[in-house]
Amino acid sequence: MPSKGHPFTPDIAVILRDADRKLRARSGRGRHALYDYWRVTMGKICRVDAFYVGFYRSDRTIVYPYNYDDNKYVYPEVHTYGDDGMAAWILANRRPYTIAEDEGRLLRQGMSFGEETLDSADAVVVPILGEDSPIGLASIQSYETDSYTDEHVRAFEWTARSVATTLAREQEDELNRRALGVGADPRDAKPTSIAEIVSDISTRLSSLQLTIDALVEKIPPGEVRSQGDVVKDACERLQTELMDILSRPVVEGDELYEKLTPRERQIAYLIADGLDNEEIAARLSIAATTVKTHVSRILAKYGVRQRAAVAAKVRPLR
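The sequence shown finishes on residue 318 if you use the UniProt record's numbering, and the numbering steps up by one all the way, no holes.
Hints were generated in silico from the structure; no laboratory data involved. A few of these clues could be false.
Claimed, not checked - Listed next, the in silico SDA-like pairs over lysine to any residue satisfying Cα-Cα at most 20 Å (straight line):
| id | residue 1 | residue 2 |
| --- | --- | --- |
| 1 | 72 | 8 |
| 2 | 44 | 81 |
| 3 | 22 | 132 |
| 4 | 44 | 172 |
| 5 | 44 | 150 |
| 6 | 44 | 88 |
| 7 | 292 | 281 |
| 8 | 72 | 20 |
| 9 | 22 | 145 |
| 10 | 44 | 13 |
| 11 | 259 | 144 |
| 12 | 22 | 121 |
| 13 | 44 | 14 |
| 14 | 44 | 73 |
| 15 | 44 | 101 |
| 16 | 259 | 315 |
| 17 | 44 | 171 |
| 18 | 259 | 207 |
| 19 | 44 | 149 |
| 20 | 44 | 71 |
| 21 | 259 | 278 |
| 22 | 72 | 165 |
| 23 | 22 | 149 |
| 24 | 259 | 307 |
| 25 | 22 | 144 |
| 26 | 72 | 86 |
| 27 | 22 | 171 |
| 28 | 44 | 60 |
| 29 | 259 | 287 |
| 30 | 72 | 233 |
| 31 | 72 | 91 |
| 32 | 259 | 269 |
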């Protein structure tokens, strides 16, 4: 048993130290990899038959980008939540929920996922804390009773803090890139508009199609299976990342517009009117290379890669 001043037994402490380092190292490498390693970490500490991660949105919905049950990945989901469910309880109490809290009442009345013929016999739900309030929640569940000890609960809560730190770091890095203006790399930008999301989906699905075509041409069964696993993993990652987009805070167009210089605002309006660089240069009597520089800065400040995304954010402000 852990002693006073040492909340974890030596074996679990070693796992947590390693997990903290590896979770933070996954910053910027995709949310699926982050959540997947979180689940694997908890599986080293205790029994984990089911696992999910969810994030709150401002419209009383919660996005579940990562769900795992009975050794199988489960499709991401979006649900609304009321005042009496698990999501509301975590928001109000900001601490872990266990079966002992209410003999499992909240767990049983919640939305089911994965293998619906099986009922969880034990569960822990922890908040993912932001600066002022929970930004999300995560759960480990078991099909056996009395699977989780107090130390397991503390370990899960501890890893949730590491994940929250990683997410905060990603957000801070993104804000820093936007503040850089000229120095920001558009390749690092996350899609923030419908146009950007559609483009991102199209690109990634095209990559999947190429992998599938290669799979069809493979003759050795073992090679087919190997390539099939690659496609399956890519699909899971894509689904997680797309659902995670829904959970990201929405940055209003007017907030970003205020960061533009007067000349950048002029050019942003002309982009919204559908003008290309040469046309903008002629309209403003400046060099096309100067316009190109301004456009790069505008894209960086908006955190997007395409002019269409800037146009979509600027048009409502006119």
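For each hint, the structure was consulted:
1. The hinted pair formed by residue 72 and residue 8 fails the criterion: a straight-line CA distance of about 30 Å is larger than 20 Å.
2. Of the supplied pair hints, the one linking residue 44 and residue 81 is violated, its CA atoms being roughly 31 Å apart against a limit of 20 Å.
3. As the CA atoms of residue 22 and residue 132 are separated by approximately 26 Å, the hinted pair breaks the 20 Å bound.
4. With a CA separation close to 30 Å, the supplied pair residue 44 and residue 172 exceeds the 20 Å bound.
5. Distance check on the hinted pair: residue 44 and residue 150 sit about 16 Å apart at the alpha-carbon level, within 20 Å; holds.
6. Restraint check for residue 44 and residue 88: not satisfied, since their Cα atoms lie roughly 29 Å apart, outside the 20 Å limit.
7. At roughly 9 Å between alpha-carbon atoms, residue 292 and residue 281 fall within 20 Å of each other, so this suggested pair holds.
8. With a C-alpha separation of about 25 Å, the suggested pair residue 72 and residue 20 falls outside the 20 Å cut-off, and the hint is violated.
9. For the hint pairing residue 22 with residue 145, the CA-to-CA distance comes to about 30 Å; that exceeds 20 Å, so the pair is violated.
10. Using a Cα cut-off of 20 Å, the hinted pair residue 44 and residue 13 holds, with the two alpha carbons roughly 12 Å apart.
11. This hinted pair does not check out: residue 259 and residue 144 have alpha carbons roughly 54 Å apart, beyond 20 Å.
12. For the hint pairing residue 22 with residue 121, the CA-to-CA distance comes to about 30 Å; that exceeds 20 Å, so the pair is violated.
13. This hinted pair checks out: residue 44 and residue 14 have alpha carbons roughly 11 Å apart, not beyond 20 Å.
14. For the given pair, residue 44 sits about 18 Å from residue 73 by alpha-carbon distance, which is consistent with the 20 Å threshold.
15. Among the hinted pairs, residue 44 with residue 101 is inconsistent with the structure: their alpha-carbon atoms are about 25 Å apart, more than 20 Å.
16. For the proposed pair residue 259 and residue 315, the alpha carbon gap of about 16 Å is at most 20 Å, so the pair holds.
17. Restraint check for residue 44 and residue 171: the C-alpha separation of about 29 Å exceeds 20 Å, so the hint is violated.
18. As the CA atoms of residue 259 and residue 207 are separated by approximately 35 Å, the hinted pair breaks the 20 Å bound.
19. Note on residue 44 and residue 149: the hinted pairing holds, with a Cα-Cα distance of about 14 Å set against a maximum of 20 Å.
20. In summary, the hint linking residue 44 to residue 71 is supported, as the alpha carbons are separated by about 14 Å, within the 20 Å threshold.
21. The straight-line distance between the Cα atoms of residue 259 and residue 278 is roughly 24 Å, outside the 20 Å bound, and the hint therefore fails.
22. As the CA atoms of residue 72 and residue 165 are separated by approximately 27 Å, the hinted pair breaks the 20 Å bound.
23. A distance of roughly 24 Å separates the Cα atoms of residue 22 and residue 149; the hinted pair therefore is violated under the 20 Å criterion.
24. Annotation: proposed proximity of residue 259 to residue 307 holds, straight-line Cα distance about 17 Å (limit 20 Å).
25. With a C-alpha separation of about 29 Å, the suggested pairing of residue 22 with residue 144 is violated against the 20 Å cut-off.
26. Under the criterion of a C-alpha separation no larger than 20 Å, the hint pairing residue 72 with residue 86 is inconsistent with the structure, at around 23 Å.
27. For the hint pairing residue 22 with residue 171, the CA-to-CA distance comes to about 18 Å; that is within 20 Å, so the pair holds.
28. Of the pairs offered as hints, the one joining residue 44 and residue 60 is violated, with about 34 Å between alpha carbons and a cut-off of 20 Å exceeded.
29. For the hint linking residue 259 to residue 287, the alpha-carbon distance of about 23 Å lies beyond 20 Å, and the restraint is violated.
30. For the hint pairing residue 72 with residue 233, the CA-to-CA distance comes to about 12 Å; that is within 20 Å, so the pair holds.
31. Proximity of residue 72 to residue 91 is assessed by CA-CA distance (about 28 Å); at most 20 Å being required, the pair is judged violated.
32. The suggested pairing of residue 259 with residue 269 holds, with an alpha-carbon distance near 14 Å, which does not exceed 20 Å.
Hints 1, 2, 3, 4, 6, 8, 9, 11, 12, 15, 17, 18, 21, 22, 23, 25, 26, 28, 29 and 31 from the earlier list are contradicted by this structure; the remaining hints agree with it.
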